[in-house]
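**Student:** Here is how the chains run, residue by residue.
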Amino acid sequence: MSSIPDELSYTKEHEWVAGLDDGLTVTVGITAYAAESLGDVVYVQLPEAGATVEAGDAVGEVESTKSVSDIYAPVGGEIVEINQTVVDDPSLVNSDPYGDGWLFRVRIEGAPDDLLTNEEYATLTAAES
Amino acid sequence: MSRPTPLHEVHQSLGATLTDFAGWLMPLRYGSESAEHTAVRTAAGLFDLSHMGEIHVTGEGAADALDHALVGNLGGLSPGRARYTMMCDADGGIVDDLIVYRLSAEEFMVCANASNYLRVAQELTDRSKNHDAVVDDRSDSYALLAVQGPRSPQILAKLTDADLDGLKYYTGLPGTVAGVEALIARTGYTGEDGFELFVAADDAVKLWHALMEAGSDEGLVPAGLSARDTLRLEAGMPLYGNELTSATTPMDAGLGRVVRFDKAGDFVGRAALSAAETGRRLVGLVMKGRRVPRHGFAVVDAGGAVVGEVTSGAPSPSIGRPIAMAYVDVNATPAAVDIRGSHEPVDVVDLPFYRRKK
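Line by line, the protein sequences are chains B and A. First residue of the first sequence? That's 52 in our numbering, and the numbers climb one at a time after it. First residue of the second sequence? That's 241 in our numbering, and the numbers climb one at a time after it.
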């Protein structure tokens, strides 16, 4: 069973969102479940810092040995920072998906209302596996 | 519903990620597929290949039957030796690529791909009608375990009295491994030294555990189909369904040498293959960037015109960049692969990408 930290919010596209409580800037990554499903991640393409995105936009991609998946913006706003370390070493997505494997930060315009709690996300992944 | 192999419970207990492959439920990877790949290049890996087909052809006319049914010269094979060969259709298209082991003067074992062995067994039966030969598909009674990598001779030597030093590449002999009767073959699909062990399905679990124990201080790890695919791709070995299809001749694949026009008698595909002209060639591509070319992606020239198609592509742990095999027009110069609309530049290289140090 992959870890699903309590304090994060989630999307159906297997992304996590941290920092919603502050209401300003959130951090986005992909979940341990997604990283395990993908296998070894070998390439991460991220949006440009400064770009404005809508929730649901495809903003990048994560490529593994066997497959490629889009990265979606879980929330709308401005991309304020990307994790260049994970671009240089994509294996961080596998080794530390909730920590050093974070992908980008978004300055949000309002509180999104369609994210999943950890329990809802656990139910989703249990149904898929 | 996919069929489990005799080692299914072992894979489950190891926490393998399983995948459907040609109707079989196979381990894709046990942990990190890159780590499994590297273990095979530097130490050793243990593979369950029980999905492969094993078809015995026996009788006074067995050699002649195979010389008629297949493109290779099997009558010229000494007992104890193995040969890479193919079965073709009358139009020259490839039915399957095979390894044939000559067990004795009148007995051969044909090892066929999981996706094709039923067709191969049927074709062998049909093509042997006028020969004194019996074709027997024994795939269900076999398990196949492969130990591949530079440490594999040391690992196997702990479990058998067989003369492994005398067992050269592409030979096979009957022996006993960990108390289990096996055909011990020095063959593989990884580009490394290694062995394939054909055993009774009921002995598979016992042999697996004995091999893992013998390899525990040699760096042996279980390895799945994902690592197998990147290993064979680096070694420039074709995969049926990718580089080889019914619309492909051995010449297209750069494997014209397996077609033995010099052997006596007719064989299925001879006329078509004698006249075959290939307008394409199989090339190796190394990506300059980090995006991965995949099966079916278009190959383009410097002007952006489509000149070919990727047959297999993957990130290469040994090279550190993504690699691909592709069919391209004979006169074209590939410059890039179209990866989801973006032309990503490539270097064209000779195959294989990786060759082990002898």
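Note that these hints are calculated values from the structure, not bench results. Do not take every clue at face value.
[As the list claims (entries may be wrong)] Which residues of chain A face chain B? A partial, calculated answer using Cβ under 7 Å:
hint, residue
1, Leu404
2, Thr416
3, Pro555
[Said to hold, decoys possible] Reference listing, derived: stretches of chain A covered by chain B, where coverage requires no fewer than 3 residues with Cβ under 8 Å from a Cβ of chain B:
hint, region
4, 261–274
5, 505–513
Glycine is no exception: its CB is placed at the ideal position from the N, C-alpha and C atoms.
**Student:** Are the hints correct? Go through all of them and say.
**Tutor:** Results for each hint:
| no. | hint | result |
| --- | --- | --- |
| 1 | Leu404 | violated, 32 Å |
| 2 | Thr416 | violated, 37 Å |
| 3 | Pro555 | holds, 4 Å |
| 4 | 261–274 | holds (count 5) |
| 5 | 505–513 | violated (count 0) |
Hint check: violations occur at hints 1, 2 and 5; the rest are consistent with the structure.
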